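Protein chains: 2
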Amino acid sequence: MRILITNDDGVTSEGILTLAKTLAKKHEVMVVAPESERSAVGHAITIHLPIWAEKLSIFEDIPVYSTTGTPADCVKLGIDVLFPNPDVVISGINQGPNLGTDVIYSGTVSGALEGTLYGIPSIAVSSANYLNPNYKTAAKAIYDLLEQFDLSIIPQYTALNINVPAVPYEELRGWKVTRQSKRRWKDYFEARTDPFGRTYYWMKGDVIEDDKDPDADYKAVNQNYISVTPVSIFITEENFFKELKKALSTLE
Amino acid sequence: MRILITNDDGVTSEGILTLAKTLAKKHEVMVVAPESERSAVGHAITIHLPIWAEKLSIFEDIPVYSTTGTPADCVKLGIDVLFPNPDVVISGINQGPNLGTDVIYSGTVSGALEGTLYGIPSIAVSSANYLNPNYKTAAKAIYDLLEQFDLSIIPQYTALNINVPAVPYEELRGWKVTRQSKRRWKDYFEARTDPFGRTYYWMKGDVIEDDKDPDADYKAVNQNYISVTPVSIFITEENFFKELKKALSTLE
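Here the protein sequences come in this chain order: A and B. Here numbering that gives the first Met the number 0 is used: the first residue of the first sequence is 0, the next is one more, and so on. Here numbering that gives the first Met the number 0 is used: the first residue of the second sequence is 0, the next is one more, and so on.
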């Protein structure tokens, strides 16, 4: 298969390089990714600014492009220019989970969603522990998935958001289809003063895991299952549609 | 009402300042927004970096904070530190539409979605013409909405994504509840060489508006209606859930 790989942690991060090396054992792989983590800028910007792309000499056999764009930009540039007609787009391996409300802000997931706009099966993959990721396990899981899973059944505009427990491969208990949960963060800020007298804030947070759904994404990961959530680019809240229509009908 | 305002175009952009001035005629307003458009960085970053916040002297009566964070960070910092217990969070006025697939990448929308995580009614607002926005019309529309609409009916985890046609206020034809459409971009890249010999790419795109849904967001805007889409932070694709479960059950 022809596999286009991107991420949002940056092109030199261990997660993306481990994934590329693992998949290149069998597949034709190209990496097109942001030059650094800071590149995870909003989508709107690069509509009005150009994108630089530089070929790096990291591997002998795998072409790696470093760009000034976002993960979504990298997927566009990859498919439209550098690596046409890939069979699959994979975004990751992200350092840390993309579970619950993380998903909405995730550059990793948005890279995969971009692939679905082109009608190409697309996967976001994260190693679900920020401080102690296990990229080898996650890369091997994705390798397995490509061996055994028929990507063509994924509908357009839908991506797979995969979170792999950061444990040795042998400790994985299998695959579970899950829902994006209500897992969220209770944030608080610690104010400090920098050497120049300016106030700055460290954000800290406690995770809240109180979702009642037995198929909640984080529950699978906590039990050492690989969590696979089908995610859509469409976010209309249908359950509120009619009531809102009624309420707005009385407005001027 | 106490109104917290953010955006992703930056704290000095005309859209946010017009909105703040319009709403401050009646309400208590605070602006907390990214220092510049470039600040629309991904969410993951500011978990591990601090956020600076500086009070600007733009208005006599409206406090305005410029931060190094994302729109979502600004909402967090606003609610947790600078402006506790707002009655509503408003993100915008964005320069240009947030319609169809724009929504997934929109910093404006993510600012509003962040407000919903706190259980606070939240609105994203865009003036639906990038080159010729009409912020006065959009600001007056939001002012009207706050006068007449009961925000408390909005469910938690749901925000309103509002796109206001960039026409004179008198030409607006009213409000329409819509769905996020399949409106998307067909992109192509133009390669150039910079003075230092490096290749860079301008991305251009043609918009595709072929959605069959009569309630598609862009159709309302094209007909000079204000488009109001209820949007959720949850993006699980339920229609593919069972089939995916079956397919993955055969894996190792």
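Hints may contain errors.
Note that the list lumps identical chains together, so a pair holds whenever it fits in one copy or between two copies.
Calculated lysine-lysine pairs in the DSS-like style (CA-CA distance at most 27 Å, straight line) [to be verified]: (1) K139 - K241; (2) K181 - K218; (3) K185 - K245; (4) K241 - K181; (5) K54 - K175; (6) K20 - K218; (7) K24 - K211; (8) K139 - K20; (9) K244 - K203.
Keep in mind the hints are simulated off the structure, nothing from the lab. On a predicted model such as this, the values are computed, not experimentally measured, just so you know.
Which numbered hints does this structure break?
The structure breaks hints 3, 5, 6, 7 and 9; every other hint is satisfied.
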